[in-house]
Amino acid sequence: MTTRVETKIPDQLWQQAQNMVQQGRINNMDALIAEAIRRYVESHQQILSERFIQEDIEWGLHGED
Amino acid sequence: MEKTKAIVIADAGPIIHLDELNSLNLLTGFDKIIIPETVWHEVQHHRPQALHHAADLAFVRQSALDFSPQVDALTPIYTLHAGEQEALHLCVEFKNSLLITDDTAARLAAKSLGVAAHGTLGILVRAIREQTRSKSEVLELLCAIPTQTTLHIRASLLAEVIGKVEKNT
Numbered sequence: 003m004t005t006r007v008e009t010k011i012p013d014q015l016w017q018q019a020q021n022m023v024q025q026g027r028i029n030n031m032d033a034l035i036a037e038a039i040r041r042y043v044e045s046h047q048q049i050l051s052e053r054f055i056q057e058d059i060e061w062g063l064h065g066e067d
Numbered sequence: 012m013e014k015t016k017a018i019v020i021a022d023a024g025p026i027i028h029l030d031e032l033n034s035l036n037l038l039t040g041f042d043k044i045i046i047p048e049t050v051w052h053e054v055q056h057h058r059p060q061a062l063h064h065a066a067d068l069a070f071v072r073q074s075a076l077d078f079s080p081q082v083d084a085l086t087p088i089y090t091l092h093a094g095e096q097e098a099l100h101l102c103v104e105f106k107n108s109l110l111i112t113d114d115t116a117a118r119l120a121a122k123s124l125g126v127a128a129h130g131t132l133g134i135l136v137r138a139i140r141e142q143t144r145s146k147s148e149v150l151e152l153l154c155a156i157p158t159q160t161t162l163h164i165r166a167s168l169l170a171e172v173i174g175k176v177e178k179n180t
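Residue numbers (the working numbering), protein chains in the order written: chain A, 3 to 67; chain B, 12 to 180.
In short, the hints are calculated from the structure, not lab data.
Note that the Cβ used here is the ideal one computed from N, Cα and C, for glycine as well.
One or more hints might be untrue.
Estimated spans, in silico, between C-beta atoms of each pair [unchecked claim]:
| hint | chain 1 | residue 1 | chain 2 | residue 2 | range |
| --- | --- | --- | --- | --- | --- |
| 1 | A | T9 | B | P80 | 13 to 23 Å |
| 2 | A | I35 | B | Q81 | 18 to 28 Å |
| 3 | A | V43 | B | P80 | 13 to 23 Å |
| 4 | B | C154 | A | Q56 | 13 to 23 Å |
| 5 | B | C154 | A | D13 | 46 to 56 Å |
| 6 | A | I35 | B | N33 | 43 to 53 Å |
| 7 | A | T4 | B | L124 | 17 to 27 Å |
| 8 | A | T4 | B | K178 | 45 to 55 Å |
| 9 | B | A127 | A | A33 | 44 to 54 Å |
Over the 10 Å line for every Cβ pair with chain B, so calculated as not near, a few chain A residues [what the hints assert, rightly or not]:
| hint | residue |
| --- | --- |
| 10 | T5 |
| 11 | Q24 |
| 12 | A33 |
| 13 | G65 |
Pulled out of the complex, with its shape left as it was, chain A reads as follows (with noise of 0.2 Å):
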């Protein structure tokens, strides 16, 4: 299943995209934004994981349920 998505790009970084898809270093635009999307997920589970616990213990502490 996938999810169409409309978004803003700048003009500079959508052509280095679009010139590593012409190169053939990834198959098209949908797999390139997958790609970039999952990385910068992947690359931020640590410091997310670790900001979802200070707001645990905000909560814990002094919030409401």
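We have chain A already, so just place chain B on it with the hints.
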């Protein structure tokens, strides 16, 4: 103590981690605790003893009846596992739900869905606010996490958490 209105939908992680700390009963302060069918199987596989007192703790074993297209759309993005998916479907089904999970991806998906989510540490610290455990008891549980549980938390972060709890309560 008066129960809150939130319906807890539990993922496997917190059930296992709270049981490892002999603290599963901290979940009983909520209105209802639902263990999704898939999560039930996961817990049964990894830590069956956590379900031995499920009836005493009024855990409700339940399958999702409505399947949210939003959850389906988020599944490949966050690589959600079957248990997390079912938990999120149930969260969407019950409007006043609180997802209990230690999985970062599941929490991100919950955020996208506008579903409240907290983890094992939140439940432990909440016990002080709810006066179901004393501060020293909770500090003891927090200190036991590295040796008594399978929950991974960086040592310096845990020390920071302990310091915050000591200071703020």
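Range hint 17 to 27 Å (beta carbons of T4/A and L124/B) holds or violated:
holds, 18 Å
P80/B and T9/A - C-beta distance against the hinted 13 to 23 Å
Once the Cβ atoms are compared, 20 Å apart, the range 13 to 23 Å for P80/B and T9/A holds.
Just to be sure I understand the hint, the distance between the Cβ atoms of I35/A and Q81/B should be within 18 to 28 Å; is that true here?
Given about 20 Å between the Cβ atoms, the range holds.
Could one say that the CB atoms of A127/B and A33/A fall in the range 44 to 54 Å?
violated, 34 Å
Do the Cβ positions of C154/B and Q56/A conform to the proposed distance bound of 13 to 23 Å?
holds, 18 Å
Range hint 45 to 55 Å (beta carbons of T4/A and K178/B) holds or violated:
At roughly 47 Å between Cβ atoms, K178/B and T4/A fall inside 45 to 55 Å, so the hint holds.
Beyond 10 Å from every chain B Cβ - status for T5/A:
violated, 5 Å
Please settle this one: A33/A was flagged as non-interface, so is its CB more than 10 Å from every CB on chain B?
Per Cβ check, A33/A is outside 10 Å of chain B; nearest 13 Å; holds.
For G65/A, which was marked as not at the interface, is the minimum beta-carbon distance to chain B over 10 Å?
violated, 8 Å
With respect to the beta-carbon atoms only, verify the hint that C154/B and D13/A lie 46 to 56 Å apart.
Holds - the Cβ-Cβ distance for C154/B and D13/A, about 54 Å, lies within 46 to 56 Å.
Check the following: the C-beta atoms of I35/A and N33/B are separated by a distance inside 43 to 53 Å.
holds, 46 Å
Non-interface claim for Q24/A versus chain B (Cβ beyond 10 Å):
holds, 26 Å
Violated hints, listed in ascending order, are 9, 10 and 13; each of the other numbered hints is respected by the structure.
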